[in-house]
Structure formats: structure tokens, C-alpha cells
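Asker: Note that the working numbering has the sequence shown beginning at 1, numbered continuously upward.
Hints were generated in silico from the structure; no laboratory data involved. Be aware that one or more of the hints could be misleading.
Capping the alpha-carbon separation at 30 Å, the derived lysine-lysine pairs in DSS-like fashion look like this [as the list claims (entries may be wrong)]:
{"no.": "1", "residue 1": "LYS124", "residue 2": "LYS214"}
{"no.": "2", "residue 1": "LYS258", "residue 2": "LYS224"}
{"no.": "3", "residue 1": "LYS61", "residue 2": "LYS124"}
Label pairs and their in silico Cβ distance ranges [as the list claims (entries may be wrong)]:
{"no.": "4", "residue 1": "THR199", "residue 2": "GLY96", "range": "44 to 54 Å"}
{"no.": "5", "residue 1": "PRO43", "residue 2": "ALA197", "range": "28 to 38 Å"}
{"no.": "6", "residue 1": "THR254", "residue 2": "GLU215", "range": "34 to 44 Å"}
{"no.": "7", "residue 1": "PRO43", "residue 2": "GLU97", "range": "15 to 25 Å"}
{"no.": "8", "residue 1": "ASP66", "residue 2": "LYS258", "range": "32 to 42 Å"}
{"no.": "9", "residue 1": "PRO192", "residue 2": "THR218", "range": "13 to 23 Å"}
{"no.": "10", "residue 1": "GLU47", "residue 2": "GLN228", "range": "48 to 58 Å"}
{"no.": "11", "residue 1": "PRO221", "residue 2": "TYR111", "range": "43 to 53 Å"}
{"no.": "12", "residue 1": "THR81", "residue 2": "GLU59", "range": "17 to 27 Å"}
{"no.": "13", "residue 1": "GLU97", "residue 2": "ASP236", "range": "18 to 28 Å"}
{"no.": "14", "residue 1": "TYR111", "residue 2": "ALA84", "range": "50 to 60 Å"}
{"no.": "15", "residue 1": "THR122", "residue 2": "ARG225", "range": "19 to 29 Å"}
Idealized CB from N, CA, C, for every residue including glycine.
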Amino acid sequence: MRPAVNPVFVACALSIVLLSGCLGDDPTPAGAPATTEGPVLSPAVYEFKDRFLAAGAEEPKVFPFDVPENATEVEGLLVWTTTAAVLDFRLLDPAGEEAADGWGESKSHRYVTTTASVTPGTWKAEVTISRGVDVGFALQVTARIAEPYGAIEETFTIPARNPARDLPGDLRGTVYPILDRDYAEVNLNMVPGDGFAYTWNADGEVYFNVHYHKEGATERPIEKRTDQDEGNFTADASEVYALLWRNEGSEPVTVTLKMDGVYRLHSMTRETPPS
């Protein structure tokens, strides 16, 4: 089911400074949480508390909540009072269908989230118990709304991952890994039919791709090594799509990007090295 997201036309221009280094594959694995700054998220938060007297003796607890028109993610966190009990919950969309792209659990909590089926309207959170007596619980449901950027102008630097150090004796020229970043990445939330046009240029050659993660694999519909490029891209699935630049040379590189289209900004990787 396609998420009901109002098209947002966004124009952006940013400058990226890349320092030299070496990195393996695309740095953001499938399902990884965002590690850098992104858009301001305006959440609609609902909190519910209740209690089960005994497993097997009560109907599920059902809590309705509203998801606004431009929400891009719905998540729920259920926490209960004793690790001896076993509780569960489901997120049900307005059609009554269960929505869950990701989940996690421990002995006293369960987490469910969805970004692929965010339909506006009245949703329900359904809590059940399969073991336990006199168990209290708290449930928090959040519908996140990504505020669109009208324009972006950013300049940021990314430190080298593997700079060569000039050392005495036999160690001269040995490369010591430093766990920083030598890439820049712009991540976009898009649904089928969304797209963008882009143009960028750099003062040195970089590795560039447009990629997304699907079923544990990384798809790269655009991939090249160059100092400039322009083109367009249209999404055919509800995913987070990324534009990535990686400096594989020995000198800093500055990249200037301009793009516009229909998308919502998810995050931008931008780290400033310590002074």
C-alpha cells in the first residue's frame, strides 16, 4: 500500500568538503538508524496506561489514535511492569490491516514501527497478554511528521578515515585507520512516483552513487567516478534513497550540489573535524 504523503517540492543547494581517505562499501547499512542531523520532526504523541488482571481472562486492550495527513512514520513502544509477564501489541491502520516494518523486544518491552504503510486516519493499537497476573503497562504511540525544507544551503567537512602518517624507521608511510568519515550523503524519503533532478560539480574526482537498500541488498541505479554529473531519478518503491559522494584521492575536495524534486529530506551526513 502506498503511503498517503502530500507531494513536497524541495529545492536545495549545498557545498560539501571531502577529505581524502578510503572506505569500503556504502556506509549506511540497511535498517541503520540515522546518525546525523536531519529534518525537524514534529511528532504527534499519544500515551496510554492500563492493567491486565490475568492472562486468558480478558479481551485485548484497544486504543485509537489519529495519524495526520503528512505523517511519514508511526511507531509504538509498550513497556510492562514485570519480566514474568508476556505482553504483545499490534498497530492497525484505518483499514484494520497490521502495519509493521520493524520491531524489537525484551523481557519487559516491545517496539513496533512502520514507514511503508502510513495512511492518514484513525489507527488502533491493540495490546494483548499471554502470561501474567495483575500486570500494568504503558504504551506510547508516535506519528512523526517530517517538516519539508524549502531550501538548503550547507557547507560541511568530513575528516579522512585512513590518512597516511609520516613515521620514522620501518613504520614510515604506514596507514593507521581513524574511524571518522570521508564521505557525504544526502538521504531522502520517497514513495513510488517521487523523484528529483540534480546537478553537481567538484574540484576533484569523487566516487558518486545514488543507492537504496532493499531486502538486505544495496541497489545502485546510478554509480560513477567523476568530477561532475547531472541527471534525474524516479523512485519505484517506498524507501530511503541516498546520494553519496566519497573522496578516494589524496587532497580535499569540495562538491557543490543543486537539486529539486518531490521528496522529503531524511538526513544529511555532515561531520566537522575537531579544531
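Asker: Hints first: check each against the structure and report whether it holds.
Answerer: For each hint, the structure was consulted:
For the hint pairing LYS124 with LYS214, the CA-to-CA distance comes to about 28 Å; that is within 30 Å, so the pair holds. Pair hint LYS258 plus LYS224 holds up; C-alpha atoms about 18 Å apart against a cutoff of 30 Å. With a C-alpha separation of about 10 Å, the suggested pair LYS61 and LYS124 falls inside the 30 Å cut-off, and the hint holds. For the hinted restraint 44 to 54 Å between THR199 and GLY96, the CB-CB distance of approximately 45 Å keeps it satisfied.
Between PRO43 and ALA197 the C-beta distance comes to about 31 Å, which sits within the given range of 28 to 38 Å. Taken as a hint, the range 34 to 44 Å holds for the pair THR254 and GLU215, whose Cβ atoms sit roughly 36 Å apart. For PRO43 paired with GLU97, a C-beta distance near 23 Å keeps the hint of 15 to 25 Å intact. Taking 32 to 42 Å as the suggested C-beta distance range, the pair ASP66 and LYS258 conforms, at roughly 38 Å.
A beta carbon spacing of about 19 Å between PRO192 and THR218 agrees with the range 13 to 23 Å that was offered as a hint. GLU47 and GLN228 have their C-beta atoms about 51 Å apart, which keeps the hinted 48 to 58 Å range intact. The hinted window of 43 to 53 Å between PRO221 and TYR111 is violated, with their beta carbons roughly 32 Å apart. THR81 and GLU59 have their C-beta atoms about 20 Å apart, which keeps the hinted 17 to 27 Å range intact.
As the Cβ distance of GLU97 to ASP236 is approximately 22 Å, the hint placing it in 18 to 28 Å holds. For the pair TYR111 and ALA84, the supplied restraint of 50 to 60 Å is violated, since their beta-carbon distance comes to about 20 Å. The hinted window of 19 to 29 Å between THR122 and ARG225 is violated, with their beta carbons roughly 50 Å apart.
Checked against the numbered hints given earlier, the structure breaks hints 11, 14 and 15 and satisfies all the rest.
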